[in-house]
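Visitor: Chains as they are written, first to last, in full-length UniProt numbering: chain A, 1 to 373; chain C, 1 to 373.
Source of the hints: derived by calculation from the structure; they are not laboratory data. A couple of the hints might just be wrong.
Identical copies go unnamed one by one, so any copy, or any two together, can satisfy a pair.
Here are the computed lysine to aspartate or glutamate pairs in the EDC-like style, where the Cα-Cα straight-line distance is at most 20 Å [stated by the list, open to error]:
| # | residue 1 | residue 2 |
| --- | --- | --- |
| 1 | 324 | 9 |
| 2 | 343 | 9 |
| 3 | 224 | 344 |
| 4 | 302 | 283 |
| 5 | 359 | 276 |
| 6 | 113 | 86 |
| 7 | 13 | 326 |
| 8 | 324 | 15 |
| 9 | 213 | 344 |
| 10 | 352 | 15 |
Here the structure is a predicted model, which means the values were calculated and not measured.
There are 2 protein chains.
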Amino acid sequence: MEILVRYGEIGLKSDIIRRNLEEILRKNIIKLLKKYDIDADVYILHRRLLVNVNTKDKEDEAIDLLRKVAGIVSYSPGYSCPLDIDEIINTAIQVMKKKMKDLGKEKIKFAVKTKRSNKQFPFNSVEVNKKVGEAIVEKFNLDVDLDNPDITLGIEILRDRAFIFTDKFEGIGGLPVGSQGRVLCLISDGIDSPVAAFLMAKRGCRLVLLHLKITEEALNKVRKIVEVLSDYDTELEFVVYDYKKDLEEIYKKLKEIKKESYTCIFCKKKMLKIAEKYAKYMECDAIVTGDCLGQVASQTLKNLRVISQGINYLILRPLIAFDKNETTELAKKIGTYDIAIEKEIKCPYLPKFPKTLSKIEEVEKIMKKANIS
Amino acid sequence: MEILVRYGEIGLKSDIIRRNLEEILRKNIIKLLKKYDIDADVYILHRRLLVNVNTKDKEDEAIDLLRKVAGIVSYSPGYSCPLDIDEIINTAIQVMKKKMKDLGKEKIKFAVKTKRSNKQFPFNSVEVNKKVGEAIVEKFNLDVDLDNPDITLGIEILRDRAFIFTDKFEGIGGLPVGSQGRVLCLISDGIDSPVAAFLMAKRGCRLVLLHLKITEEALNKVRKIVEVLSDYDTELEFVVYDYKKDLEEIYKKLKEIKKESYTCIFCKKKMLKIAEKYAKYMECDAIVTGDCLGQVASQTLKNLRVISQGINYLILRPLIAFDKNETTELAKKIGTYDIAIEKEIKCPYLPKFPKTLSKIEEVEKIMKKANIS
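In isolation and in its complexed conformation, chain A is listed as follows:
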């Protein structure tokens, strides 16, 4: 079996950039399959990639894994053959036979849909549909039904080969990981930040995940989340910083001047400060957070502004305009949701009434008074 891989935005790029992105995508597919001990050859065809899975007992697993490779818009398991109408017909009959066997039905309705990217091929799409359709009708005595078929036999006429398939799976889209630089993602055990990191990987960024550790319990959840994310970026880096002492100090200082309601704000400012250092050190071009506007009381514009103040680094917030249910849906889709909700770990320093509408001047005053850097 082979798998035909289709990309989306890569195809909109100039030739040079496209070839570069195709090559990164090719390598990323090999790397992810290799992680699961699946050996595969991947060829770049005419605006498609062809995956040849050599580990025969893991073909289904390989199909599943392609769902996690950024840059892939859709993909189809099937068989390729030389650009010859008889070869195409023969391969189509084999593919059809296999699919009928899988379905366990003998009396099915089918349709043939040909896409001819290679206009040099002597038969056009309608002619290929007709020739292949007729051969299948003759061979299996089936009915054609273009509107509501049980099986749609797809044929792609590419530059050097044809490809025949019956299924089309959806990929995550985006751009190949590693094509768009490195980002430092702040990652917690919650629902949002893993989704934010995933979205940046989807757009082609290499991930450096930084967890600011407060409790061992949360770290354990984060480890599992990182394991899931490492399928999307097989070369991600994971860094843990022991943050408890910093947060304790902030809390203590604020408590002394009776300003505990500002704990979350100063905590987040400190987090960004630490992230900034790591981003520089690990050569990342941006800091990524799971911030979302208005989701919880403290995620106000005013607080976001106060928190970012003084950070001289690009901060990206891919979830900023997401609804809670949109983030949750994505978390379920990528596989981090169940881990995030398995046990809610409350921050031990969460004030009773966190400040929701902080002001820059006020925060600067408190910073001085409490001697927080």
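Given chain A, put chain C in place with the hints provided.
Guide: Positioned in the frame of chain A, the structure of chain C alone reads:
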């Protein structure tokens, strides 16, 4: 006719915040309908809103417009009645009669689905389904089909009234505009920036749209886009700044030192500088851009970083991790796509080979050399 409005995230908030958001949503519905000369009363019910359209010849238009109100997750035209089982049955028969007439069919299959938020009501959901279903069978001699009905009659048992309907329309979700502060959105005649502005309105922000004018043609497109967006935020403000002279100066200065390839970078830096001034002046807490990673060659992480450098303001980029087709789909849905693509206006200062991977140090050097502030 009345319209029952359902919200999503608003329901997750504490009582005080929820009531405040409900009231903002109520006023926003009235304002949008009023803009189209539709008079309506809007009542806050038990975690629902009830819209009573008084302008009888504009009921369909009112139904259409609710699709544009941030905070609404779904809504249903129908009729309310007192919390009495006989009243519910009678109203259900009227609603059913109307729907059958609209469908133009007499022999249809139907189902009843009751949702009882008010647990005080003496009949539970199953009992209401049964009583109403039996009455309809008797009255119209129809068949019940729970799996594949032609009409699903919905009944919501609320605290003070019941509501009966057959259709459910999807809203845009999010939070009511005006509940999350003000943002300054840089807006151009392209596909992306109107979508970015829409997304911030969807999350409850009041919009100040700033267009940096280079050509009259582009401004005319932007005016039409602003008109579309003003349905999502009926109180948005629109500001035009004559930017041509600034850009000309940047181009001239860069040309003098043969660094025209940096035109886009310095242009965008200047745009953010101007946006920063306006954001302060117009009391916005953030600047919003349509930036998207890797969509065009100049939208690299490194360029985004260089461009943001020196801007001491919260910058939000809601599209940062969007695929091109995701942004395009949204643009079509909100109604700005057709305007954006009607005529492509190329920037007259676009260099042949725009710099894609700029460095902060290099840009600072050029800034000094070319005397650009």
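Visitor: Which constraints among the numbered hints does this structure fail? Numbers only, ascending.
Guide: Result: hint 2 breaks, nothing else.
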